[in-house]
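**Student:** Chain F is already provided as a structure; the job is to place chain R on it using the hints.
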Amino acid sequence: MEAAGAAPASVARPMTSPAGPAADAPVSMAPRARHIVIAWLLAAAVSTPASFMISAPAAFSVGGLLLVFAQMLAHFAPWALSTPLFVRLSRAWPIGVGRVVLTLLVFGAGALVLTPLLSGVGVLAGRVVVGLARGGLGPEAFAAVGPAVAITTFFALPTYAALVGVGQTVAFLERYRQRERLLSQAQVQALRAQIAPHFLFNALNAIAALGYRDPGRADQALVRLSELLRETLARPEHVSVREEVSMVADYVELHRILLEERLVFDLEVQASAWDARVPAMILQPLIENAVVHGVSRLPEGGAITLAVSEDGGVLTLAVVNDAPAEPGPPGKGLGLENVRRRLAVTYGDRAALAFERSAGSARAVVTLPLESAAA
Amino acid sequence: MIRAVVIEDVPLARERLRRLLQAHPDVALVGEAGTARAGAELLAADRPDLLFLDVTLPDGEGPQVLRALPPERRPLTVFLTARADHAEPAFELEAIDYLLKPVGDEALARALDRARRRLGGQAGEPPAQIAVRSGRRTDFVRLDAVDYVESAGHYLCLHVGRDVHLVREPISAFAERFGPAGFVRCHRTALVNIEAVEAVVAARNGDGEVRLRGGAVVPLSRTYREALAARMAGTGG
Chain F
1027 MEAAGAAPAS
1037 VARPMTSPAG
1047 PAADAPVSMA
1057 PRARHIVIAW
1067 LLAAAVSTPA
1077 SFMISAPAAF
1087 SVGGLLLVFA
1097 QMLAHFAPWA
1107 LSTPLFVRLS
1117 RAWPIGVGRV
1127 VLTLLVFGAG
1137 ALVLTPLLSG
1147 VGVLAGRVVV
1157 GLARGGLGPE
1167 AFAAVGPAVA
1177 ITTFFALPTY
1187 AALVGVGQTV
1197 AFLERYRQRE
1207 RLLSQAQVQA
1217 LRAQIAPHFL
1227 FNALNAIAAL
1237 GYRDPGRADQ
1247 ALVRLSELLR
1257 ETLARPEHVS
1267 VREEVSMVAD
1277 YVELHRILLE
1287 ERLVFDLEVQ
1297 ASAWDARVPA
1307 MILQPLIENA
1317 VVHGVSRLPE
1327 GGAITLAVSE
1337 DGGVLTLAVV
1347 NDAPAEPGPP
1357 GKGLGLENVR
1367 RRLAVTYGDR
1377 AALAFERSAG
1387 SARAVVTLPL
1397 ESAAA
Chain R
59 MIRAVVIEDV
69 PLARERLRRL
79 LQAHPDVALV
89 GEAGTARAGA
99 ELLAADRPDL
109 LFLDVTLPDG
119 EGPQVLRALP
129 PERRPLTVFL
139 TARADHAEPA
149 FELEAIDYLL
159 KPVGDEALAR
169 ALDRARRRLG
179 GQAGEPPAQI
189 AVRSGRRTDF
199 VRLDAVDYVE
209 SAGHYLCLHV
219 GRDVHLVREP
229 ISAFAERFGP
239 AGFVRCHRTA
249 LVNIEAVEAV
259 VAARNGDGEV
269 RLRGGAVVPL
279 SRTYREALAA
289 RMAGTGG
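Protein sequences appear in the order of chains F and R. Count along the first sequence from 1, then add 1026; that gives the number in my numbering. Count along the second sequence from 1, then add 58; that gives the number in my numbering.
For reference, chain F alone in the conformation it holds in the complex (with noise of 0.2 Å):
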C-alpha cells in the first residue's frame, strides 16, 4: 500500500543533469512529503472501513466513520513521520551489494525496536484522538493500552516490511540512475575522443605534404589546426553555439587553406540561437562530411552553409554542402553513426539526425531541444 505512494516521486527525472561535472554527484530520488502525506492518508481511509466493523458500533453513523479515520491518521503518524527514514536506512544498507548478513541484522533489529515503538505512538495517538473526541482523557481512554499497543505491533510487521520495501526500491533506483549516468558520460567521452585523433591525423597527412609545395601555407595550417587542438581538448562536454561555430569556422579554415580555397562557407545564425547548448564537437563530423564527401571532390569547389535557428524550444542546425551529382564511393559513415549516438545517448528519442543527398548536394539536419548554454 505505501509503494504506491513513494513511486510517483522517481517520475519526471531527466536522463542527464544540464551540468556536466554533476555527473557523479547523488541521484535522489526520495519520496517528496506530499506522495508521503498522500499515501499514508490512502492507508488510513482504506484501513478504516475494517477498524470501524471491529470496534462493533451500535449503529452506524457518519460522525463515527469520520472518528475511527482520525484514529487511523493518528494510528499512522508515527510511521508517515519516519517513513524517510527508512529511506535513508536503505540507501546506507542497501540489500543485495554485499554484507547481506550484516544488512539482514539490522532490518531485523530496526524491526524489533522501530516496530514497537512506531505502533505504540501511534496507539496512544489513537486514544488520545478518540478520547477528546469522547469528553475526556480520563483513566478509561487508556484502558488496556498494553495488550492493544502488543496486538496493533504484530499487525504493523507487514508495515514495517513494505516500509523497507519501499526504501530499498528507491535506493536501488537511485544506484541504477546513477551508473546509467555515468555509462552514458563515458559513452560521450568515448565517442568525441573517436573524432579528435580522426581529422588531426588527416589534417597532419595534408599538411606533410603540403610543406614541400608550399611552407607558407602549411604554416597557416599549422598554426590553425593547433588551435584546434587546443580547443578540442580544453572543451568541456557542452558548449554555446558561439562555441561550436567558432570551433567550425577554424575547422573550415584550416580546410580551405589545404583545399587551395576551394571552399566558401557561409554562416546564418538565427541571433536567438546564438547561446543555446549544443554537444561540443557535434558539428565538425557534419562539417567534415561535407568536405571530403562533396566539395574536395568537385573540381571547381562549392559551398557548405551552416545555419542554425530555433523554433519551439527546438534548435536545428543545418549543414548544406555542394556536392557531385555522381555519389562516390559510400563511406564508411563513421563520422555519421557517431553523431547519431552522442545524440542518443544525451537526449533519446528527443533529439534526430537526418541526411539526405540530392543530385548536387547533401544536406546534414540535427534538432534538438532547445536549452541555454547560460543556464
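No incorrect hints appear here.
Among the chain F residues that face chain R by a calculated CB cut under 10 Å, a handful are:
(1) Asp1240
(2) Val1249
(3) Ser1252
(4) Arg1268
(5) Val1290
(6) Phe1291
If you are wondering where the hints come from, they were derived from the structure by calculation, not from laboratory data. For glycine and all other residues, C-beta sits at the position ideal for the given N, C-alpha and C.
**Tutor:** Chain R in isolation, oriented as in the chain F frame:
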C-alpha cells in the same frame, strides 16, 4: 621604431618570431635570450620598448624575469605560451597581450597594434577597412559598410547588408581597435556601427534592441545602454 627583445628558449621559435616580425618594418628585434638569467641580463643592459617573453623557461618562469625589474623599468610585455590557462599571470603583470604558440601572424599583428597604441599614437587613425582572410584570398571590407559585429567565440561575424564575413578576432580586440571609428558595444556579444542605427527600443526590464537601417535587429543590454545613448547624442550634435 619599436625596439623589441625576445626571451624564449627554443631557437626555432625565436627564428619564427623574427620571420613574422619582418612583416612589420616599424619593429626591430634588437636582442634575444634563451634563459631567464640571460634575459634578465639583457633587460638590465638595455631598455627595449617591447618584450616577447616565454612563460616557461629552462631556468625559471618568464613572469619572474619581469617581476625582478622595478615596475617603471618593465617594457610592454607580450607573453608567449603554449597553453591558454597559463595566460593568467600575464595579466596580473599587466602584459599587453599573450600569444599562443605556434604564433599566428594575425595574432601577432594585433599584439603589435596594441603596443603601438600604448607607445603613443603611432598607430594613428584606425584603418578604414578590415582584412578578411579566407585561405589564400584576402578581402578588404570597408568599415563604414559594416552594420554590426557579432561575437562567434574567437571569431567575429561582420554583417555587411545580407553578407556575413568571419574574422578571427575577439570582440574585445575589435572594440578597442574600431571603437574610435564608430563601433559601439550594445551587448556583451555585439557592437553596432552608430551610422547604421535607426532606432533604439528599450524593453521594460532595461534591456532592449537596436534596429538598424538595413533591417537587422541587435540585442541591447542595459549595461551598455547609456554609453550607446551618449555616443548617439554625440553624433547628433
